[in-house]
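S.K.: Sequence:
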Amino acid sequence: MTTATTKQTITKPTIKVADEVWVATLMLHQRYPERPDFLIEEIVEFAESAKELRFMGPLRPGFYVHVVQHCVANRPPNPGRYRMLFETSPGRRRLFRHGDAYHPQREGGKISPKPEDLPENWFRGLLAWYCGWCANATKRAVDDDPLLALRGSGKELWADEHADDYVRRLREGWE
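Position one of the sequence shown corresponds to residue 1 (the working numbering), numbered consecutively onward.
Check the hints yourself; a few may be wrong.
No more than 25 Å apart at the CA atoms, straight line, and that leaves these computed lysine to any residue pairs for SDA-like [stated by the list, open to error]:
#1 K110 / N74
#2 K114 / A135
#3 K114 / E161
#4 K110 / Y166
#5 K110 / G152
#6 K16 / P79
#7 K110 / G173
#8 K16 / I40
#9 K110 / R54
#10 K110 / D160
#11 K110 / L127
#12 K110 / L170
#13 K51 / L126
Hints in this document: simulated from the structure, not taken from any laboratory.
All chains, full assembly: derive it from the sequences and hints.
M.R.: Below is the structure:
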């Protein structure tokens, strides 16, 4: 009689390095909502120590270069075209938001992970958080913009007069 041995293979969840960079940066934004951006070193150190990320194994060597170059929307692509991070100043990064400037050769580049590329259901909740974070940041930017705050001011200047009449009156006497 022979006995069959069953071997179970334990596989680590796989996640693309760029997606891991995005997740780590998003988690920093969640933990420190008052911070507009983070040092490159902070992102790398957080990713190395975050228990939520290290169940996937040690930080891969390409992580650093993704934070520095491959994922950064407003840097020339080399070779990655991702638009996952935004360089706010030298050595500082935050997540990319729609409306941020980016290098033209990165047009159409990936901005966030696809839900199916994230290994756990709780990671997928990060995508919903990101959408809300982007919307809130856009609203704050509009509310805080001094030029946009002037919208509608001065309308009382010609409240009694149609715009065409106002222009006609200004042009009187022109030859």
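S.K.: Checking one constraint from the list: CA of K110 to CA of D160, max 25 Å. Satisfied?
M.R.: violated (51 Å)
S.K.: Quickly compare the C-alpha distance for K16 and P79 to 25 Å and report which way the hint goes.
M.R.: holds (15 Å)
S.K.: Compare the distance between the alpha carbons of K114 and E161 with 25 Å, and conclude whether the hinted pair is satisfied.
M.R.: violated (54 Å)
S.K.: Between K114 and A135, does the CA-CA distance stay at or below 25 Å?
M.R.: holds (19 Å)
S.K.: Has the given pair, K110 with L170, been kept, meaning a C-alpha gap of at most 25 Å?
M.R.: Distance of about 51 Å is beyond 25 Å: violated.
S.K.: Are K110 and G173 close enough, with their CA atoms no more than 25 Å apart?
M.R.: Outside the cut-off at roughly 58 Å; violated.
S.K.: Taken at face value, is the distance from the CA of N74 to the CA of K110 at most 25 Å?
M.R.: holds (13 Å)
S.K.: Going straight from one Cα to the other, do K110 and G152 come out at no more than 25 Å?
M.R.: Status violated; Cα separation ~37 Å.
S.K.: Are the Cα positions of K110 and L127 separated by 25 Å at most?
M.R.: Holds, at roughly 13 Å.
S.K.: Checking one constraint from the list: CA of K110 to CA of Y166, max 25 Å. Satisfied?
M.R.: violated (49 Å)
S.K.: Check the hint pairing K51 with L126 against an upper bound of 25 Å on the C-alpha distance.
M.R.: Since the Cα atoms of K51 and L126 sit roughly 16 Å apart, the hinted pair holds (cutoff 25 Å).
S.K.: Does the structure keep K16 and I40 at a Cα separation of 25 Å or less?
M.R.: holds (19 Å)
Of the numbered hints given earlier, the model fails hints 3, 4, 5, 7, 10, 12; all others are met.
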